[in-house]
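A.B. asks: Top line first, the protein sequences correspond to chains A and B. Mapping the first sequence onto the numbering used here, position 37 (from 1) lands on 37, and the numbers just tick up by one. Mapping the second sequence onto the numbering used here, position 142 (from 1) lands on 1142, and the numbers just tick up by one.
Worth flagging that the hints you see were computed from the coordinates, not collected in a lab. Hints may contain errors.
[What the hints assert, rightly or not] Anything over 10 Å on all C-beta distances counts as not near chain A; from chain B, calculated:
hint : residue
1    : Y1014
2    : P1081
3    : A1151
4    : E1173
5    : R1226
[What the hints assert, rightly or not] Here are the simulated BS3-like cross-link-like pairs (lysine-lysine), alpha carbons at most 27 Å apart as the crow flies:
hint : chain 1 : residue 1 : chain 2 : residue 2
6    : A       : K131      : B       : K1202
7    : A       : K131      : B       : K1056
8    : B       : K1029     : A       : K111
9    : B       : K1030     : A       : K131
10   : A       : K90       : B       : K1056
11   : A       : K125      : B       : K1030
12   : B       : K1202     : B       : K1105
13   : B       : K1202     : A       : K125
14   : B       : K1056     : B       : K1030
15   : A       : K171      : B       : K1010
16   : A       : K105      : B       : K1010
17   : A       : K177      : B       : K1202
18   : B       : K1105     : A       : K125
19   : A       : K113      : A       : K50
20   : B       : K1056     : A       : K50
21   : A       : K111      : A       : K131
22   : A       : K131      : B       : K1222
23   : B       : K1010     : A       : K67
24   : B       : K1101     : A       : K125
25   : A       : K113      : B       : K1202
26   : B       : K1101     : A       : K90
27   : B       : K1102     : A       : K50
28   : B       : K1222     : A       : K125
29   : A       : K177      : B       : K1142
30   : A       : K90       : B       : K1102
31   : B       : K1142     : A       : K111
32   : A       : K111      : B       : K1101
33   : A       : K177      : B       : K1030
34   : A       : K90       : B       : K1029
35   : A       : K57       : B       : K1010
For glycine and all other residues, C-beta sits at the position ideal for the given N, C-alpha and C.
Spelled out from the first residue to the last, the chains are:
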Amino acid sequence: MRRNAAVFIPVSIVLVMLTWGCARDTSVTTATGGKTRTVQKQSASIYTGKIVGRSNKAGTISIVVGKGDRARTMMVRFDDRTRGLEHAVKGRAAIITWELRGSEKVATVIKPKLAKLPPGVTEIKPAEVRKLIESGADHVLIDSRPGNRYDQAHLPGAVSIPVDRMKTALKTLPPRKDILLVFYCGGYT
Amino acid sequence: MSPRAAGLAKEAGYTNIKVMLAGVPAWKKKGYPLYASDEFVNRGNIVLIDLRAREKSRRSRIPRSVTIPFSELDDRLDDIPPRAPVVLYSDNAEEAEDAAKKLRKEGIKNVSLVYGDLGRWLESPAASESGPVVTEINWVRKPGRGEVSVADFTRALSGRENAVILDVRTPEECEAGAFPGALHIPLDELPRRTGELPVNKKIYIHCTTGARAEMAYRQLIKDGYRAYFLVADITCDEGACEIDE
């Protein structure tokens, strides 16, 4: 208990100091501390989408929610009480639960949004893919990312079939239906 | 993307389908090699490095190559722009893979190799280059969507563009120095302070690398501003800041 109190005091001093510096016109909102937070903690909400940025220096995460024309990048803050921060990785899909503190959205829990494989399709690890390529066993390795990503860097022997062209490209695959097809893209997307 | 593609293959009747869910980032992390397409080798905005001995490079090399023999690579690592896509080749596959690992360790994110036999360039006079080797790297970033070029950013600094500079670094970082005339709003405060920005001017955003600037750009675009972000290393010391591509 004693130790906790000793830690708490320096932290609150640091928080107040952080709001000074060269941002002179910053309003100091942290001074009212916990009290304000409990009063204004009204709503919890959820953002699901692709993480497009995370800054540890600023303590913010940017996530794209919605699709197509309705896609919007939302910014939420995080702090040392945010759980699952390791899932806020640029390029990965995540589910962020946040709450409003004052006018700020603060992430409380971040969970990975895992890609679901169609029934009957299994996962293969990079080491196994490498072995497969080196073994020379019959297979087709397919890169589902946009063509420019493939051009820059792809796995040895992979062919490029961006996912939006997959339907029309099916006829270019070997006719033997039991041939091993291995798909990959830019991660858990 | 890949699970969806796998689903389409399954619908088409394929029965033996796997997905490498961890994707390219995990492959890279393992230190496994990646390859560039020939089109990218020929026309991409890349740093193409010939790791073979100078003499071989002088006789025949892939056009636009910079010659850095493998044995000299360590001394030249600092000359390679960290944001450039780098493509390597050698007649010694092991050396090429080792070089790729070295570059990645150095923080160069986009490193790939030329795939397979080099003969399709080196044995064709039309597809190759010869003569005195090139050792100097001349690479200029092509600004991607939403980016401002270093040239335009610099012009804005001297007031020759109808643009304001927005610095989204932390107050602590600004203490080491900032660009004169720049507005300062730390990234985490931006969502509630966008009202302070002009709507009739372009807004050029910077941080120290471009990562936070891009996040700020996305926020401002959503809010209807004419924002652009700078991808470059900004180092400030004793009040002055430097831009390094």
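A.B. asks: Tell me the numbers of any earlier hints that the structure contravenes, in ascending order.
C.D. replies: 1, 4, 6, 7, 10, 12, 13, 14, 16, 17, 20, 21, 22, 25, 27, 28, 29, 31, 32, 33 and 35
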